[in-house]
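For the protein sequence lines, the chains are Y and B, in the order given. The numbers in the first sequence follow my numbering, run straight up by one, and end at 238. The numbers in the second sequence follow my numbering, run straight up by one, and end at 238.
It is worth saying that the hints were derived from the structure and are not from the lab. Since we're looking at a predicted model, the values are computed, not measured. Just so you know, not all the hints are guaranteed correct.
[To be verified] In silico lysine to any residue, SDA-like type, Cα no more than 25 Å apart, as pairs:
id	chain 1	residue 1	chain 2	residue 2
1	B	K109	Y	D44
2	Y	K109	Y	D44
3	Y	K218	B	P54
4	Y	K23	B	A170
5	Y	K109	B	E174
6	Y	K218	B	W211
7	Y	K218	B	V36
8	Y	K218	B	P215
9	B	K109	Y	W211
10	B	K191	Y	P54
[Unchecked claim] Derived coverage of chain B by chain Y (criterion: at least 3 residues anywhere in the stretch with Cβ under 8 Å from a Cβ of chain Y; other residues may be distant):
id	segment
11	89-100
12	171-179
[Said to hold, decoys possible] Every beta carbon over 12 Å from chain B, so not counted as near; a handful from chain Y, in silico:
id	residue
13	E35
14	E42
15	H46
16	A48
17	Q53
18	P54
19	L59
20	T91
21	R111
22	E129
23	E135
24	A210
Even glycine gets a Cβ: it sits at the ideal position worked out from N, Cα and C.
Number of protein chains: 2
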Amino acid sequence: MRVEIWSDIACPWCYVGKARFEKALGAFPHRDEVEVVHRSFELDPHRAKGDVQPVLAMLTKKYGMSQAQAQAGEDSLGAQAGVEGLEYRTTGRDHGNTFDMHRLLHFAKERGRQDELIQLLYRANFAEERSVFTEGEERLVELAAAAGLDTDEARRVLRDPAAYADAVRADEREAAELGANGVPFFVLDRKYGVSGAQPAEVFAQALAQAWGERPALKLIEDGAADACGPDGCAVPQP
Amino acid sequence: MRVEIWSDIACPWCYVGKARFEKALGAFPHRDEVEVVHRSFELDPHRAKGDVQPVLAMLTKKYGMSQAQAQAGEDSLGAQAGVEGLEYRTTGRDHGNTFDMHRLLHFAKERGRQDELIQLLYRANFAEERSVFTEGEERLVELAAAAGLDTDEARRVLRDPAAYADAVRADEREAAELGANGVPFFVLDRKYGVSGAQPAEVFAQALAQAWGERPALKLIEDGAADACGPDGCAVPQP
């Protein structure tokens with residue numbers, strides 16, 4: 001079974017939702033047969049690359065919240081993250097464009113290091129004092145190295161704005177086609193969708209349901225197939 | 001869309017079928033949205049690792065063919081391979097256990113090099129004079145390097161018989177569950193199956209059909225989800 005998770009590094013509910021999903025997955029009897037793939041979704045795709053703001057300023061400006069409302073939201077998110085055992089800095093974080101991180105995550109997927117990298121990016125953004133936005137390339141290269149990626153390769157990806165850009169956009173197009181207008185968005189075997197950082201119980205139910213209803217295959221043109229089996233290979237007819 | 005292909009390096013129809021499938025995929029309008037994954041299937045899982053035989057001797061012994069029948073089969077396979085533009089040595093090939101190659105293919109999948117490696121393994125087994133069975137580890141390490149893998153890592157995988165062994169067996173279990181008793185076996189989005197090295201037209205039809213019938217997602221517990229979207233993040237209720 002395959003679970004695809006659309007998310008953004010700048011999305012606190014994605015950070016929390018991933019932990020809740022993983023709690024359910026860890027207890028799922030068929031967990032070794034579940035493959036998890038992370039897909040790209042930018043919450044703020046039109047923000048320019050160098051445009052970095054404090055989170056609270058961004059919240060008050062973009063969403064018309066008061067400073068107190070914005071801080072209360074962050075405090076509450078911090079409390080929910082804490083319940084999942086996650087660190088969350090409720091003050092001093094910043095916000096910016098995540099396109100390069102998504103490109104790097106696609107490169108990490110090719111190298112089998114995607115889950116390691118996304119976890120480090122989340123941690124860096126939500127729990128660490130250093131910014132993932134203002135230190136430029138070197139901060140991301142450092143995180144890529146910590147995820148087990150080659151630093152030279154990671155640097156090449158970051159320096160070439162076209163690298164994996166289409167893959168990020170394809171993910172975002174697909175999210176729209178699947179009806180996701182927010183993240184995290186979980187898709188199980190392209191059959192079931194779970195929207196948002198639902199409780200672990202909901203993910204457990206979704207996993208069980210999707211597993212139980214895996215459809216029987218429909219065979220296309222079964223019959224005189226040229227194939228090899230335990231009894232040997234079909235001999236082609238001249 | 002995802003296409004999984006169960007196959008064995010020792011399976012000539014898998015070599016031919018892959019080329020036919022790729023011909024159809026190359027002409028498929030949504031080819032950039034198709035992900036191909038190779039899955040393990042051993043035709044001869046009980047053969048001991050060091051037990052290597054000439055192909056003709058194996059065919060006559062295991063399948064009770066005459067020498068002439070076996071050679072005619074190989075000649076005919078060589079002709080079919082030629083139609084697909086593939087080289088195929090109809091004499092002098094050998095046959096042995098492919099478990100280590102499957103383990104290596106799982107490692108290659110983690111590093112994003114699976115398709116490169118399987119193509120090189122097929123070529124080495126079917127078109128090259130050197131054996132993939134009798135030269136031991138170094139031959140496979142060499143092919144892994146040609147596929148872009150790290151030689152030290154590949155050597156470590158080959159030297160540890162437990163590495164990716166469970167992944168190979170899980171693929172084989174899954175093939176049985178899906179009803180595949182021969183290879184190549186193609187599975188599209190876990191919905192449609194195509195058995196054998198069918199003509200490219202059949203793969204083209206299967207791709208179109210599976211693409212057209214991609215199911216709409218069923219949402220599990222849609223509603224009060226904690227999520228972030230273009231209009232901001234849900235603020236948790238205390």
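Given the hinted pair K109(B) and W211(Y), is their alpha-carbon gap at most 25 Å? holds (24 Å)
Would you check the hint for K191(B) and P54(Y), treating anything up to 25 Å between C-alpha atoms as holding? violated (47 Å)
Hey, does A210(Y) actually stay past 12 Å from chain B on C-beta? Violated: least Cβ distance 9 Å, not greater than 12 Å.
Coverage of the segment 89-100 of chain B by chain Y, judged on three or more residues with CB within 8 Å: Answer violated; 0 residues pass the 8 Å Cβ test.
Does H46(Y) sit more than 12 Å from chain B, CB to CB? violated (10 Å)
Hint consistency between K218(Y) and V36(B) [alpha-carbon to alpha-carbon, up to 25 Å]: Cα-Cα ~19 Å, so holds.
With a cut-off of 25 Å on the C-alpha distance, tell me whether K109(Y) and D44(Y) pass. holds (23 Å)
When you look at the beta carbon of E42(Y), is every beta carbon of chain B farther off than 12 Å? The assertion about E42(Y) is violated, with a minimum of 10 Å to chain B.
So if I understand the rule, the pair passes when the alpha-carbon distance is 25 Å or less; does K109(B) with D44(Y) pass? Distance ~32 Å between K109(B) and D44(Y) Cα, so the pair is violated.
Distance rule for E135(Y), whose beta carbon must clear each one in chain B by more than 12 Å: Consistent with the label, E135(Y) stays out of reach of chain B, its closest Cβ about 24 Å off (over 12 Å).
Beyond 12 Å on every Cβ pair: is that true for T91(Y) relative to chain B? With a cut-off of 12 Å, T91(Y) remains clear of chain B, as the shortest Cβ separation is near 16 Å.
Once the closest CB in chain B is found, is it more than 12 Å from P54(Y)? holds (16 Å)
The structure fails to meet hints 1, 3, 10, 11, 13, 14, 15, 19, 21, 24 from the earlier list, while all remaining hints are met.
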